[in-house]
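A.B. asks: Sequence:
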Amino acid sequence: MATGHHFTVSDYVNDDASYIHRGVFTDERVYRRELERIFSCNWLYLCHESQLQKAGDFLTTFMGETPIIVALGHDGKLHASINSCRHRGLPVCRTDSGNAKRFVCPYHNWSYTVEGELSAVPQEKYLQNPPDKSSLGLKKVPRLESYRGLIFGSFNEHIESLDDYLGDQKFYLDLYFNRFPEGIEVIGEPHKWLLNANWKLPVENQLGDVAHGPYLHNSLIEKDSDAVHEINNHGLNCVAKAGHGAALRFMPEDSDPKDIAWGLEGFGMVMNPGMEQYLLEVQKSAASRIGEIGARCKGLTFGVYPNLSFLWSNSTLRVSHPRGPGQVEYWSWWVVPKDAPDDVKEALRINYNLLFGPAGMLEEEDSEAWTQQYIGSRIPDARDQRYYYGMGLGEDGNHPDLPGLVGSCFNEHYARQFYLRWRDEMDDIDKINVE
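Using my numbering, read the sequence shown as starting at 335 and increasing by one per residue.
Hints may be right or wrong, so weigh each one.
Label pairs and their in silico Cβ distance ranges [said to hold, decoys possible]:
| id | residue 1 | residue 2 | range |
| --- | --- | --- | --- |
| 1 | A454 | K411 | 18 to 26 Å |
| 2 | F744 | G423 | 26 to 34 Å |
| 3 | C375 | E699 | 29 to 37 Å |
| 4 | A454 | H546 | 24 to 32 Å |
| 5 | E626 | L369 | 20 to 28 Å |
Computed list of lysine-lysine pairs in DSBU-like fashion (alpha-carbon distance at most 30 Å, straight line) [what the hints assert, rightly or not]:
| id | residue 1 | residue 2 |
| --- | --- | --- |
| 6 | K672 | K435 |
| 7 | K592 | K467 |
| 8 | K557 | K411 |
| 9 | K474 | K557 |
| 10 | K526 | K435 |
| 11 | K388 | K459 |
Derived from the structure by calculation, the hints contain no laboratory data.
We put the beta carbon where it would ideally sit given N, CA and C, even for glycine.
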């Protein structure tokens with residue numbers, strides 16, 4: 335493409351999203367537009383309610399590139415504020431999580447309540463006209479809502495409710511987050527690491543790309559294994575609403591409960607008798623919480639637009655935080671059933687650390703693939719060669735039992751729907767002058 339070419343929307347993503355321009359992953363001005371139109375306008379995952387238990391509990395996170403403090407106030411409500419002092423802009427909280435009465439800027443010692451209100455200005459006692467502290471609180475995230483303990487925020491005051499935003503994706507989220515009698519909890523701090531890749535690459539992978547498993551991960555996932563045959567025969571990619579996704583195995587009605595209970599077997603996972611018994615008991619009562627259809631679903635990967643992912647069998651929530659067109663800060667939390675016995679939680683911890691997280695066996699292979707995909711996207715003489723996203727084009731459709739558009743596990747419609755939504759939200763991308 336010539337330098338200075340003014341791209342139209344269709345230059346980046348064609349009308350059925352079967353072809354994606356490499357600049358979607360590399361162009362700086364596209365990235366800046368994403369921060370404005372995607373990360374400032376949608377619901378973004380912040381944390382899980384289990385991480386904030388007592389008044390004053392807080393954690394720090396990001397919405398796009400914007401640093402955020404999420405805290406449980408002394409009023410019993412959740413508050414999310416931009417982590418930037420109203421005086422000179424320094425972060426007022428420099429810790430990942432904890433419990434506090436005040437957040438204090440290190441520069442001039444302006445202090446704020448955990449609710450985000452300006453509490454004290456040390457210098458004001460020397461002034462004849464002190465500042466109006468009531469107007470100088472931290473900037474609030476105007477919308478906070480939660481679903482099944484998953485807390486989301488949005489800078490868009492007029493955004494639809496989280497319930498409407500998720501739509502039928504709630505059915506797929508419930509398969510895990512409503513499966514266990516006492517719900518789930520997040521344990522410990524997130525793993526965080528930087529990758530030289532675009533933020534969308536981990537997202538699209540975990541919306542439904544299970545087809546790469548026996549190839550990229552063939553050291554653990556053999557092509558002729560029972561687990562791969564099960565995915566080939568029963569695997570589905572589901573798009574309840576454009577941008578969201580769920581990859582699962584929809585098992586036959588007459589399946590043995592043991593074959594549906596978790597979905598760990600065959601992927602190098604560690605099991606023990608206590609874990610097997612616990613998961614089997616959960617499976618036997620699952621229909622009472624998620625229905626007969628839900629109880630037949632073995633989840634693989636789920637995604638909520640734009641950047642939340644969940645890997646079922648590896649007990650991990652993860653967020654793809656953008657740090658530029660060619661860098662992503664990846665966060666991964668360990669998630670477990672709240673009422674699981676300690677030996678079950680320990681087995682799940684081993685599984686999580688073995689396969690995912692910065693040193694996980696599968697994580698390292700995925701990370702290398704995303705990094706190499708970004709490098710490939712920057713090849714100057716290949717910019718006229720768009721990526722093909724047309725696998726299974728026209729083969730997805732309605733399913734008699736599952737909501738949304740459903741296709742085989744090899745159908746890339748989860749990615750096409752993501753990029754069609756992306757294209758709609760980047761609606762005046764044609765104003766971007768690509769260098």
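A.B. asks: None of the hints should be skipped; say for each whether it holds.
C.D. replies: The hints, checked one at a time:
no., hint, result
1, A454 to K411: 18 to 26 Å, "22 Å, holds"
2, F744 to G423: 26 to 34 Å, "49 Å, violated"
3, C375 to E699: 29 to 37 Å, "34 Å, holds"
4, A454 to H546: 24 to 32 Å, "54 Å, violated"
5, E626 to L369: 20 to 28 Å, "43 Å, violated"
6, K672 to K435, "28 Å, holds"
7, K592 to K467, "60 Å, violated"
8, K557 to K411, "50 Å, violated"
9, K474 to K557, "50 Å, violated"
10, K526 to K435, "26 Å, holds"
11, K388 to K459, "33 Å, violated"
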